[in-house]
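Protein sequences appear in the order of chains Y, P and D. In this text, residue positions in the first sequence follow the numbering used here: the first is 66, and each later residue adds one. In this text, residue positions in the second sequence follow the numbering used here: the first is 66, and each later residue adds one. In this text, residue positions in the third sequence follow the numbering used here: the first is 66, and each later residue adds one.
Honestly, I wouldn't trust all of these hints.
Copies of the same chain are indistinguishable here, so a pair counts whether it falls within one copy or spans any two.
[Unchecked claim] EDC-like mimics (lysine to aspartate or glutamate), calculated; alpha carbons at most 20 angstroms apart, straight line:
#1 Lys85 with Asp350
#2 Lys315 with Asp171
#3 Lys226 with Asp332
#4 Lys75 with Asp332
#5 Lys322 with Glu160
#6 Lys218 with Asp291
#7 Lys322 with Asp81
Since the hints were derived computationally from the structure, they do not count as laboratory data.
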Amino acid sequence: MKNSEIFFGKDILSLDQFDKRSIEKVFATAAKIKKTSTKKLLRTLTGKVAGLLFFEPSTRTFSSNSAGFKRLGGQTVEHQNPNVTSSTVKGETIEDTVRMMEQYCDLLVIRHPIKGTLEIAANASSVPVINAGDGIGEHPTQALLDMFTIWEKFKTLTNLKGLMVGDMLNGRTVHSLIRGLSMYPNNTIYLLSPKQLKLSREEFDLYTKRGINLIEIDSIDQIPSDCHFWYWTRVQKERFADKKEYERLKLSFILTKKLVSKKAGKDTLLMHPLPRVGEIETAVDSDPRAVYLTTEARNGMYVRMALFSLILKS
Amino acid sequence: MKNSEIFFGKDILSLDQFDKRSIEKVFATAAKIKKTSTKKLLRTLTGKVAGLLFFEPSTRTFSSNSAGFKRLGGQTVEHQNPNVTSSTVKGETIEDTVRMMEQYCDLLVIRHPIKGTLEIAANASSVPVINAGDGIGEHPTQALLDMFTIWEKFKTLTNLKGLMVGDMLNGRTVHSLIRGLSMYPNNTIYLLSPKQLKLSREEFDLYTKRGINLIEIDSIDQIPSDCHFWYWTRVQKERFADKKEYERLKLSFILTKKLVSKKAGKDTLLMHPLPRVGEIETAVDSDPRAVYLTTEARNGMYVRMALFSLILKS
Amino acid sequence: MKNSEIFFGKDILSLDQFDKRSIEKVFATAAKIKKTSTKKLLRTLTGKVAGLLFFEPSTRTFSSNSAGFKRLGGQTVEHQNPNVTSSTVKGETIEDTVRMMEQYCDLLVIRHPIKGTLEIAANASSVPVINAGDGIGEHPTQALLDMFTIWEKFKTLTNLKGLMVGDMLNGRTVHSLIRGLSMYPNNTIYLLSPKQLKLSREEFDLYTKRGINLIEIDSIDQIPSDCHFWYWTRVQKERFADKKEYERLKLSFILTKKLVSKKAGKDTLLMHPLPRVGEIETAVDSDPRAVYLTTEARNGMYVRMALFSLILKS
Numbered sequence: 066m067k068n069s070e071i072f073f074g075k076d077i078l079s080l081d082q083f084d085k086r087s088i089e090k091v092f093a094t095a096a097k098i099k100k101t102s103t104k105k106l107l108r109t110l111t112g113k114v115a116g117l118l119f120f121e122p123s124t125r126t127f128s129s130n131s132a133g134f135k136r137l138g139g140q141t142v143e144h145q146n147p148n149v150t151s152s153t154v155k156g157e158t159i160e161d162t163v164r165m166m167e168q169y170c171d172l173l174v175i176r177h178p179i180k181g182t183l184e185i186a187a188n189a190s191s192v193p194v195i196n197a198g199d200g201i202g203e204h205p206t207q208a209l210l211d212m213f214t215i216w217e218k219f220k221t222l223t224n225l226k227g228l229m230v231g232d233m234l235n236g237r238t239v240h241s242l243i244r245g246l247s248m249y250p251n252n253t254i255y256l257l258s259p260k261q262l263k264l265s266r267e268e269f270d271l272y273t274k275r276g277i278n279l280i281e282i283d284s285i286d287q288i289p290s291d292c293h294f295w296y297w298t299r300v301q302k303e304r305f306a307d308k309k310e311y312e313r314l315k316l317s318f319i320l321t322k323k324l325v326s327k328k329a330g331k332d333t334l335l336m337h338p339l340p341r342v343g344e345i346e347t348a349v350d351s352d353p354r355a356v357y358l359t360t361e362a363r364n365g366m367y368v369r370m371a372l373f374s375l376i377l378k379s
Numbered sequence: 066m067k068n069s070e071i072f073f074g075k076d077i078l079s080l081d082q083f084d085k086r087s088i089e090k091v092f093a094t095a096a097k098i099k100k101t102s103t104k105k106l107l108r109t110l111t112g113k114v115a116g117l118l119f120f121e122p123s124t125r126t127f128s129s130n131s132a133g134f135k136r137l138g139g140q141t142v143e144h145q146n147p148n149v150t151s152s153t154v155k156g157e158t159i160e161d162t163v164r165m166m167e168q169y170c171d172l173l174v175i176r177h178p179i180k181g182t183l184e185i186a187a188n189a190s191s192v193p194v195i196n197a198g199d200g201i202g203e204h205p206t207q208a209l210l211d212m213f214t215i216w217e218k219f220k221t222l223t224n225l226k227g228l229m230v231g232d233m234l235n236g237r238t239v240h241s242l243i244r245g246l247s248m249y250p251n252n253t254i255y256l257l258s259p260k261q262l263k264l265s266r267e268e269f270d271l272y273t274k275r276g277i278n279l280i281e282i283d284s285i286d287q288i289p290s291d292c293h294f295w296y297w298t299r300v301q302k303e304r305f306a307d308k309k310e311y312e313r314l315k316l317s318f319i320l321t322k323k324l325v326s327k328k329a330g331k332d333t334l335l336m337h338p339l340p341r342v343g344e345i346e347t348a349v350d351s352d353p354r355a356v357y358l359t360t361e362a363r364n365g366m367y368v369r370m371a372l373f374s375l376i377l378k379s
Numbered sequence: 066m067k068n069s070e071i072f073f074g075k076d077i078l079s080l081d082q083f084d085k086r087s088i089e090k091v092f093a094t095a096a097k098i099k100k101t102s103t104k105k106l107l108r109t110l111t112g113k114v115a116g117l118l119f120f121e122p123s124t125r126t127f128s129s130n131s132a133g134f135k136r137l138g139g140q141t142v143e144h145q146n147p148n149v150t151s152s153t154v155k156g157e158t159i160e161d162t163v164r165m166m167e168q169y170c171d172l173l174v175i176r177h178p179i180k181g182t183l184e185i186a187a188n189a190s191s192v193p194v195i196n197a198g199d200g201i202g203e204h205p206t207q208a209l210l211d212m213f214t215i216w217e218k219f220k221t222l223t224n225l226k227g228l229m230v231g232d233m234l235n236g237r238t239v240h241s242l243i244r245g246l247s248m249y250p251n252n253t254i255y256l257l258s259p260k261q262l263k264l265s266r267e268e269f270d271l272y273t274k275r276g277i278n279l280i281e282i283d284s285i286d287q288i289p290s291d292c293h294f295w296y297w298t299r300v301q302k303e304r305f306a307d308k309k310e311y312e313r314l315k316l317s318f319i320l321t322k323k324l325v326s327k328k329a330g331k332d333t334l335l336m337h338p339l340p341r342v343g344e345i346e347t348a349v350d351s352d353p354r355a356v357y358l359t360t361e362a363r364n365g366m367y368v369r370m371a372l373f374s375l376i377l378k379s
């Protein structure tokens, strides 16, 4: 998809596939779907079937994909936890599972706990595959919805100052979002995390080379004022071997009403990919700047609907 | 909904929300849906998506909601056992789960093992929430379908004599049905259960004050003849800490062919919310008065379809 | 269905229900669906709801049923692993589960681990029931799709020479396919399996009496050349009490590229009901004669779509 806005029949595996023009096309399509609700829209995918293969727990990504595909008039074949319900129990490889599902479906949306599996799946498949998260790897549609939420608010993705807090090491949504913002000039992101959960040096260098300005900070006192967005994240329990270590780190940084008053600007978007497990005070929810439970979540459906229609309609 | 028949956009949490006029409206709508099967009906909910969140095992309630919503032309996003398949694993609260689902869905149907959870969910949600059973709390649509089944047969909900047998303590369908029949004058219900599973004194007094005549009996010999309905129930295994106690009590009272011959009237409806686990002899199934496997179950779908269309169509 | 091509309202439990004329009708319908994709086709089952009850893990059969029903414009109510998610947990019998589901659905597709359960289910149900595999019993739609795949290639089901390899004892797809080919004259099937997994003598005699020529062989050297099809199968781990015995036998015979070069004819169909767990080298996948991951799998959807439309449209 590099240097092109042609989506028809393509896989969506990584944000690296996108250039500015193709991202613009996704956003324009999502914005159009968001504001229209015509009968024609409801028939966009009539007769199409998507296979949703979720090898890891999910409500948000699963539900927004499922609802989005159906809101376009399509149907889905759904496997949540195929480890329990499917041939995977009998020892089937991911390639065989994918090659089987492609016989019945026009598109596959796959989440898998192991990084790299989505590439294997996409190579095996003759129908388009969308990565809905592969372990500590990527979650490109999450990045797109986060970028869309920022773009919708500020009408630009350049000259932004952002803050990311939490698990920089394991949070795949963090990685994908940094990748995305690296494509646009003059963005600065402050990274705040426990020492053990910092971005790996490889990734830090990779992103920096792409032109984004990453600044690691150690305490909430160092948060700059007037950020365009704060992107809080959950410490990823499921990636810890040592549960005690997890318990120690999980609430290192909490987004409180007090912190918002002290450090957020009047237009700062308060974002979180969710689920949260205590790292945002519920008192923050009613702040008009808090979009994590509302606009950000809902945009996930619209961005996915945009991709579905771009990929499946020539 | 008190003193009103306006359902549009409302939650359905408890039978206490209903008055006679609103119940009448549900019944009239359900009866109309039951006898028509037009193309227009199949398009009632075109473009609507319901989220089904079942935090407890269910086939009956789940299936009738799922089939009913789809028979009206809508689509569903389904989570059975979200404890296993969803973000709940990661520690998400019910409020966050609900606020996420409302971004993708036009209505939520929720079952949860803990009483009171549905109220929390409905408070968090901006889209209508239907209680599909909350632990030992309520199961209002079950009560409505039972009342509809009685009303369909006798064309009235007043001056009835009924019998309820089984687990009066933990059976939420029992509680909801007694509440419902309390709204109509001059109803008498005989309650037969093991001593340990009697209606709590608080609930006994509450319902009695509302005007229903409750008579507790101890043995099948005391069952009056010519009841309008018998409402048998399962002893709720999942509510017992002590499984031996459950084993001792589960089959205290069995609905047999012999008992039907001896004590049922010629028009007595033989009802049960199902599933049953031995407390009704299968020999009773073919009795024309037995509606538990047929009319009563099917009415569950029609009553839910009525609620869906009343809540979602202005 | 014997001596008749009338499918409307019928159960599909065993291949023994079919005669040549009814099989021909299924194949003609499947072929027509396969090559057309009209709007009319998409409305064939508008307003119909199928219940999919899978009491055993499945992706292939589940997904092809689910996708197929939806591609005809119908909707489904789905229970994967009802042992976990449904009233079966509360101790409900299969008869009660079926009699409940028939209240909401127009047709039921059931898979169950215990042989004979499908007959019980069909007897209890007033709506058509399709057997999607009952333990070591039958899997008639699998046999139909395999026969359809052979028929599509050779335009006949007579005078065929075939090879079946793997678990002849427990493989229900093997049993159903042999039954099917027994209906046509002059077919010969070579059976290659570990001694412990040979066809039972009862079944060997039963099929032989029906007119098929079964020849048991002991080694790959005895495979005749110029077979019309090779039907490889997985050793059924889930049927073994002794897992060590399973490990010893599971890879007794492997379909390799070398073996294909040596023994397969230029038109030999390479088939497998899938999933496979090592008994076919992936190097064979790209052979144009290998249809297991492609045509054979996809035909499963078309054959099921044919049955759905024949059973539900008068």
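Each hint, compared with the structure:
For the homomeric pair Lys85 and Asp350, neither the shortest alpha-carbon distance inside one copy (32 angstroms) nor that between copies (39 angstroms) is at most 20 angstroms. For the homomeric pair Lys315 and Asp171, neither the shortest alpha-carbon distance inside one copy (40 angstroms) nor that between copies (34 angstroms) is at most 20 angstroms. For a Cα distance limit of 20 angstroms, the shortest separation of Lys226 from Asp332 inside one copy, 12 angstroms, qualifies, whereas the shortest one across copies, 64 angstroms, does not. In this assembly of identical chains, Lys75 and Asp332 lie within 20 angstroms of each other by CA distance neither inside one copy nor across copies; the values are 36 angstroms within and 34 angstroms between.
Proximity of Lys322 to Glu160 under the C-alpha cut-off of 20 angstroms is restricted to the inter-copy arrangement: shortest distance 19 angstroms between copies versus 48 angstroms within a copy. Taking identical chains as interchangeable, the C-alpha atoms of Lys218 and Asp291 lie at most 20 angstroms apart only when both belong to the same chain, with a minimum of 15 angstroms there against 68 angstroms between chains. For the homomeric pair Lys322 and Asp81, neither the shortest alpha-carbon distance inside one copy (36 angstroms) nor that between copies (37 angstroms) is at most 20 angstroms.
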